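With chain A's structure known, arrange chain B on it following the hints.
Single-letter residue listing:
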Amino acid sequence: MEILVCVKRVPDSAENEIEMNAEGNDIERDDLVFSVNEWDNYAVEEAIQIVDNVGGTVTVVTVGDDESDEVLRREMAMGAAKGILLTDDAFEGSDCKGVATILKGCVDKGNYDLIFTGAQADEGAGAVGGMLAAMMDYPYASLVNKIEAGDGKLTIGREIEGGNQEMNEIDLPCVLSIQTGINEPRYVGIRGIRQVSGVEIPELGAADLGLDAAAVGEAGAKVKKVDYFVPESGDGAEMLEGSNDQIIEKLIEILKANGGLQ
Amino acid sequence: MAQVFAYLVHNDGVLDDSAMELVVAAKAVGDDVTAIVTGSGIDAVADDAAKIFPKVIKIDDAGLAYPNAEVVRKALINVIPAGSVVLFTNNTFAMDCAPGLSIKMDAAYVSDIISLEVDGTTLKTVRQEFGGEVNTHVNVDASNGAVIALRPGTFAADESKSAGGSVEAAAAGDISAKRTFIEIVEPEAGDVDITKADLLVSIGRGIEDEDNIEIAHELAEALGAGAEVSCSRPIVDAKWLEPSRQVGTSGCTVKPKVYMACGISGSFQHLGGIKGGFMIAINKNENAPIFQVADVGIVADILEFLPELTEAVNDL
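Protein chains in written order, with our numbering: chain A, 1 to 262; chain B, 1 to 316.
Here chain A stands alone, though its shape is the one from the complex (with noise of 0.2 angstroms):
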């Protein structure tokens, strides 16, 4: 089975405290710690698993500059065997479908049986899969959080709501997004990030790609993030005191006039 994951590097939301910056149409980029996306370190260890059982090769790619370098070596540090970088500067700006055009320039140029992304990265779209997925014309599954690998074909289960799982019998090739709590992904430690430190890691422009540079970056987006800005906030609680006979009478009446007690 040859994989294809499709990582990102993305500013870590549990080492950051996201501030506004001093124009107050973006968010502080100084200083930001990245990290691969979580969604994507499962998305990679399901990968290895697969070919672990059935033979096969784990690539890594990602859409972004140098300093995405390091985000494939990661997870080649995990075992993915190769690794991608699609750069270029035409690929600036790119929406999610033009991450996508870029992403599907990558999977032409290879064989691939299977390929993964993250069911959502740091902008919450959880689009490029199904993108990819529709221009291949391969078939797609979402959410997936379950994958039973049999012969040309997968057994897949996608998280639905309230719970449930979706079980589906999909083709081979096909693009699925990987749910977090799928597995364990593997602890990667520093020592394992510096034996692949060495390995080279081919970058591909919009011209090895055979991409329209018009087709994708700011050019080709039809959808355009114009700025930031910080929610409207409440003014905090109205904090209860008193003993907690008096606290509670207040709760009660406070749940009978919203509604929360008949």
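Read the hints as simulated data drawn from the structure, not as lab findings. Hints may be right or wrong, so weigh each one.
What the hints assert, rightly or not - Within a straight-line C-alpha distance of at most 25 angstroms, the following computed SDA-like cross-link-like pairs (lysine to any residue) qualify:
| no. | chain 1 | residue 1 | chain 2 | residue 2 |
| --- | --- | --- | --- | --- |
| 1 | B | K178 | A | D137 |
| 2 | B | K284 | A | E241 |
| 3 | A | K153 | A | M135 |
| 4 | A | K146 | A | E169 |
| 5 | B | K284 | A | I254 |
| 6 | B | K255 | A | E253 |
| 7 | A | K225 | B | G272 |
| 8 | B | K255 | B | N144 |
| 9 | B | K178 | A | D151 |
| 10 | A | K146 | B | K275 |
| 11 | B | K124 | A | M20 |
| 12 | A | K146 | B | F181 |
| 13 | B | K275 | A | N258 |
| 14 | B | K196 | A | G124 |
| 15 | A | K224 | B | N139 |
| 16 | A | K224 | B | D141 |
| 17 | B | K275 | A | I18 |
| 18 | B | K104 | A | A213 |
| 19 | A | K224 | B | N144 |
| 20 | A | K225 | B | K275 |
What you are looking at is a predicted structure, and each value in this text was computed from that prediction instead of being measured.
Just chain B now, kept in the frame of chain A:
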């Protein structure tokens, strides 16, 4: 603006309430508004949709008995003209179907929006990032159509059901697919849909031990049929409650009448799943961030306070 379509979700023959919100959103986008329902044996669902939408397209086909995203996408492509705007309620089906639909329509796609205005052929939307810590204005060029997934609660629903609309049947066309639905595996028995609850007794790390979960259940039981127990992520990670009870960006998005955050600090990942309702926060840490967003706050140890509250409610 071009023709506007809304894809309506239904379960077990019952139209989802999101239809009443989608019609408001659709009318905000354009004047020519049509709902689409797909399925097998869906006359009643289509008739219900016609109470909400002026026009309904019904695609009734045995192959659509389960809303397999690939099959539904093919059926939609067969009836939606190029250049249209298509609205979904943002859920796991939309995530499965809508991105690919936008590619097949060569239209723009934006998901999980929380605000929508029209300016010529531009759709001006608002999205959240970083769990709602910051929002973004996102402009969508809809000149060749757009596919939009709205977060539930973006528009106030029109519950009048007075549209008196018409239903038109359409053929599904070729809906052969490379993905086949097998079955729904339901979670363990005793599970609940916390997104439908009127009141949530939601517990976090402050519950301290699995054995203490009982005090939350006892309070919910005392508060009545509309009350359920929910929780923040650490409780599910510890496997003290099932994942379906988790509120947050990685769990359920809820909009109860009253949300009682008990021993929950108020991380933005958790708050990202609470969309409205009156919030009561109970936490022994007076500096807990939850008090910044709650309507009413009580500084107390939930392990002592909740049983006292339960007793008082039972004595009413």
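Against the structure, the hints:
no.: 1; hint: B:K178 with A:D137; verdict: holds, 10 angstroms
no.: 2; hint: B:K284 with A:E241; verdict: holds, 13 angstroms
no.: 3; hint: A:K153 with A:M135; verdict: holds, 20 angstroms
no.: 4; hint: A:K146 with A:E169; verdict: holds, 12 angstroms
no.: 5; hint: B:K284 with A:I254; verdict: holds, 20 angstroms
no.: 6; hint: B:K255 with A:E253; verdict: holds, 21 angstroms
no.: 7; hint: A:K225 with B:G272; verdict: holds, 20 angstroms
no.: 8; hint: B:K255 with B:N144; verdict: violated, 34 angstroms
no.: 9; hint: B:K178 with A:D151; verdict: holds, 14 angstroms
no.: 10; hint: A:K146 with B:K275; verdict: violated, 29 angstroms
no.: 11; hint: B:K124 with A:M20; verdict: holds, 21 angstroms
no.: 12; hint: A:K146 with B:F181; verdict: holds, 14 angstroms
no.: 13; hint: B:K275 with A:N258; verdict: holds, 15 angstroms
no.: 14; hint: B:K196 with A:G124; verdict: holds, 24 angstroms
no.: 15; hint: A:K224 with B:N139; verdict: holds, 5 angstroms
no.: 16; hint: A:K224 with B:D141; verdict: holds, 8 angstroms
no.: 17; hint: B:K275 with A:I18; verdict: holds, 21 angstroms
no.: 18; hint: B:K104 with A:A213; verdict: holds, 21 angstroms
no.: 19; hint: A:K224 with B:N144; verdict: holds, 15 angstroms
no.: 20; hint: A:K225 with B:K275; verdict: holds, 23 angstroms
Checked against the numbered hints given earlier, the structure breaks hints 8, 10 and satisfies all the rest.
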